[in-house]
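Asker: Sequence:
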Amino acid sequence: MASVYRATDLFLGRTVAVKLFRLDTADDAGPERQSGEVTVLASLNHFALVTLFDAGTAVIDGVSRTFIVMELVDGTDLRSKIAAGALNPDEVAFMGADLAEALHYVHAQGIIHRDIKPANVLLAPSGFPGRAMHAKLADFGIARLFDATRLTATGSLLGTAGYLSPEQALGTTIGPPSDVYSLGLVLLECLTGERAFSGTAIESAMARLQRQPHIPAGLGQAWADVLSGMTTREPADRLSAGDAAVQLRCLVTGESTGTAITVAMGAPGATEQLEPTAVLGATEQLEPTAVLGATERLEPTAVMAATSVMASPGADAATELLTPAGAPAAATGRADGNAPARSPGSASVDATTPPWRRPRVLAPLGVLVALIILAVVVFSPRAVEPVTPAVTYPAVEGSLGTNLKQLQESVKP
Numbered sequence: 001m002a003s004v005y006r007a008t009d010l011f012l013g014r015t016v017a018v019k020l021f022r023l024d025t026a027d028d029a030g031p032e033r034q035s036g037e038v039t040v041l042a043s044l045n046h047f048a049l050v051t052l053f054d055a056g057t058a059v060i061d062g063v064s065r066t067f068i069v070m071e072l073v074d075g076t077d078l079r080s081k082i083a084a085g086a087l088n089p090d091e092v093a094f095m096g097a098d099l100a101e102a103l104h105y106v107h108a109q110g111i112i113h114r115d116i117k118p119a120n121v122l123l124a125p126s127g128f129p130g131r132a133m134h135a136k137l138a139d140f141g142i143a144r145l146f147d148a149t150r151l152t153a154t155g156s157l158l159g160t161a162g163y164l165s166p167e168q169a170l171g172t173t174i175g176p177p178s179d180v181y182s183l184g185l186v187l188l189e190c191l192t193g194e195r196a197f198s199g200t201a202i203e204s205a206m207a208r209l210q211r212q213p214h215i216p217a218g219l220g221q222a223w224a225d226v227l228s229g230m231t232t233r234e235p236a237d238r239l240s241a242g243d244a245a246v247q248l249r250c251l252v253t254g255e256s257t258g259t260a261i262t263v264a265m266g267a268p269g270a271t272e273q274l275e276p277t278a279v280l281g282a283t284e285q286l287e288p289t290a291v292l293g294a295t296e297r298l299e300p301t302a303v304m305a306a307t308s309v310m311a312s313p314g315a316d317a318a319t320e321l322l323t324p325a326g327a328p329a330a331a332t333g334r335a336d337g338n339a340p341a342r343s344p345g346s347a348s349v350d351a352t353t354p355p356w357r358r359p360r361v362l363a364p365l366g367v368l369v370a371l372i373i374l375a376v377v378v379f380s381p382r383a384v385e386p387v388t389p390a391v392t393y394p395a396v397e398g399s400l401g402t403n404l405k406q407l408q409e410s411v412k413p
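The sequence shown begins at 1 in the UniProt record's numbering and counts up one residue at a time.
Be careful, since some hints might not be right.
As the list claims (entries may be wrong) - Quick list of simulated restraints, FRET-style, between CB atoms:
#1 Gly110 with Asp225: 43 to 53 Å
#2 Ala42 with Arg233: 31 to 41 Å
#3 Thr253 with Gln212: 19 to 29 Å
#4 Phe128 with Ala84: 17 to 27 Å
#5 Gly62 with Gln210: 37 to 47 Å
#6 Thr172 with Phe47: 16 to 26 Å
#7 Leu12 with Val252: 32 to 42 Å
#8 Thr15 with Gln210: 27 to 37 Å
#9 Val59 with Gly218: 47 to 57 Å
#10 Asn45 with Thr15: 37 to 47 Å
#11 Ala58 with Ser228: 36 to 46 Å
#12 Gly175 with Thr253: 26 to 36 Å
#13 Thr173 with Ala207: 35 to 45 Å
Calculated from the structure, these hints are not laboratory results.
All figures in this text were calculated on a predicted structure; none of them were measured in a lab.
A virtual CB, placed ideally from N, CA and C, is assigned to each residue, including glycine.
Sequences and hints are given; from them, build the entire structure.
Answerer: Shown next, in the form of structure tokens:
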């Protein structure tokens, strides 16, 4: 057993807690082993751990006593708190998450506590709204430091039999899962106000080898899942300390394990109930677009044969000169009086004939130009071109002019 005293550190002038263990015999190798262990334990720094300042042995009144010097927590311990009745489930979840996180931290340093029990959990007052206390795990590693000298003559470990893991009870090799099992029993006792395995040390140790701790159904399925995961008999099947910490915090927040915690913004108020998402009916399947057949290729526009050019009247062609009835015949002879022979009914045109009475030689040329322009317009490619002014054709008299006009009208767009 042990006693705790309030003391003053004369070198640093601070108030500390000194815990004295009563031992019948001292371990000959104790001082050397303790020196190395204290160096490791003193380096730990976590908000849920009681800080260890020093540890060692001293002979007091002729009796070898082991002591530790640690941070003074101005509050009570969990054993006294449980004696007053079961704790609020939310408070237990907060406390358990902090302690499991501390175990996760020290396990990563390769250290095992070995002595998790309510008496080693100190409760400091909390000034945080919604929380009455903060838990701190004390005597960290003391079982490892002095386990060789804490056994009685019968081989029973004093003060911790009710919280031993199955592997501790069997005396086999222990690891981090042993601390998780003990913490699970402590949390279960906080919720029920009773130990999971009561009776003598031997009865308690044997009971955990035969059955799982009883978890009341009134605690709810969420608590049952966490506690059963922490206290399963096989070490390999237990939750790790880190997983236990996450699940315990989820009990408080109401979130499912492994999901992100959503922080509500703004002032609290009535939650707006959204309409359920409408289920759309089956989408009508549209017919596939029909594939058009091959486009019929049109024959190219036939090119018209070139328009034949009308021959101009020959120089010796006779042009009939019409004269009014009774009018005297005009002179048609040459200056030298040698007039060529004329065919009957023909007349000659000399230089004295007025221009409007001369043969119309330019008319065929005008027709030819008009036909060429018309052919270019008709047979040119139908490309989109800027609008051009209408073509002006020369005036042609007679039936030829009439035909040309009709042809022009027929090719207008």
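Asker: If a hint holds in the structure, say so; if it doesn't, say that too.
Answerer: Taking the hints in turn, this is what the structure says about them:
| no. | hint | in the structure |
| --- | --- | --- |
| 1 | Gly110 with Asp225: 43 to 53 Å | violated, 29 Å |
| 2 | Ala42 with Arg233: 31 to 41 Å | holds, 35 Å |
| 3 | Thr253 with Gln212: 19 to 29 Å | holds, 27 Å |
| 4 | Phe128 with Ala84: 17 to 27 Å | holds, 22 Å |
| 5 | Gly62 with Gln210: 37 to 47 Å | holds, 44 Å |
| 6 | Thr172 with Phe47: 16 to 26 Å | violated, 33 Å |
| 7 | Leu12 with Val252: 32 to 42 Å | holds, 38 Å |
| 8 | Thr15 with Gln210: 27 to 37 Å | violated, 46 Å |
| 9 | Val59 with Gly218: 47 to 57 Å | holds, 52 Å |
| 10 | Asn45 with Thr15: 37 to 47 Å | violated, 20 Å |
| 11 | Ala58 with Ser228: 36 to 46 Å | holds, 44 Å |
| 12 | Gly175 with Thr253: 26 to 36 Å | holds, 30 Å |
| 13 | Thr173 with Ala207: 35 to 45 Å | violated, 22 Å |
Comparing the model with each earlier hint shows violations of hints 1, 6, 8, 10 and 13; every other hint is respected.
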